[in-house]
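Asker: Those letters in the sequence shown? Residues 2 to 156, by my numbering.
Treat the hints as calculated values from the structure; they're not laboratory data.
Since the model is a prediction, treat every value here as computed from it, not as a measurement.
Among the hints, erroneous ones may be present.
Unchecked claim - Straight-line alpha carbon distances no greater than 27 Å define the calculated DSS-like cross-link-like pairs of lysine-lysine that follow:
{"id": "1", "residue 1": "68", "residue 2": "103"}
{"id": "2", "residue 1": "69", "residue 2": "25"}
{"id": "3", "residue 1": "103", "residue 2": "69"}
{"id": "4", "residue 1": "81", "residue 2": "25"}
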Amino acid sequence: MLPYLGMNILICPPCWFTILGVSKDIEEIGASFTLASYRYSTEDFYSLEDLLAANSDHVAFGFEDHKKERLQVSFNQQIKDGEWGSLSVYGYQQEYWDTDNKDRNLSVSYNNNIGRVSYSLSYSMMDSDRYSDDRQFMVNASIPLMGWRDSGYVD
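Turn these sequences into a full structure, and let the hints guide you.
Answerer: This is how it looks when you write it as structure tokens:
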């Protein structure tokens, strides 16, 4: 049997967008799941993030990019109660008004530590009908320089 999923619906009259969200913490497996759907009712709606990006020096899009719909999902899990690290998955598909263009994004990351050294392995992909596709694989490590010995100094 599937666990109960809470559901939230936000409609912002008189206007612009509707959000339908489902979110659930699944304690039995140490995971959380979120599914959200956004529908922009008018092509003239811009979020604060859109406006700030359009007014910056690093504009990734212009005002021709009118968001219409977005579906996003995220999943996070502590593996064996965090003893074996954690796994995160995030993805979305964005559609636009007056065009068939879509943007799709998927990110997967694994985080863990060995002693005091933390590390992460991440993969990210972006498929876009408007821009160049992008793939990235990243390895990050955090290594403390102090405190390796009881004296707190590294020789």
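Asker: Hints first: check each against the structure and report whether it holds.
Answerer: Here is what the structure says about each hint:
1. 68 x 103: 10 Å, holds
2. 69 x 25: Satisfied, since the Cα-Cα distance of roughly 26 Å is no more than 27 Å.
3. 103 x 69: Distance ~10 Å between residue 103 and residue 69 Cα, so the pair holds.
4. 81 x 25: 19 Å, holds
The structure fails none of the hints (numbered hints given earlier).
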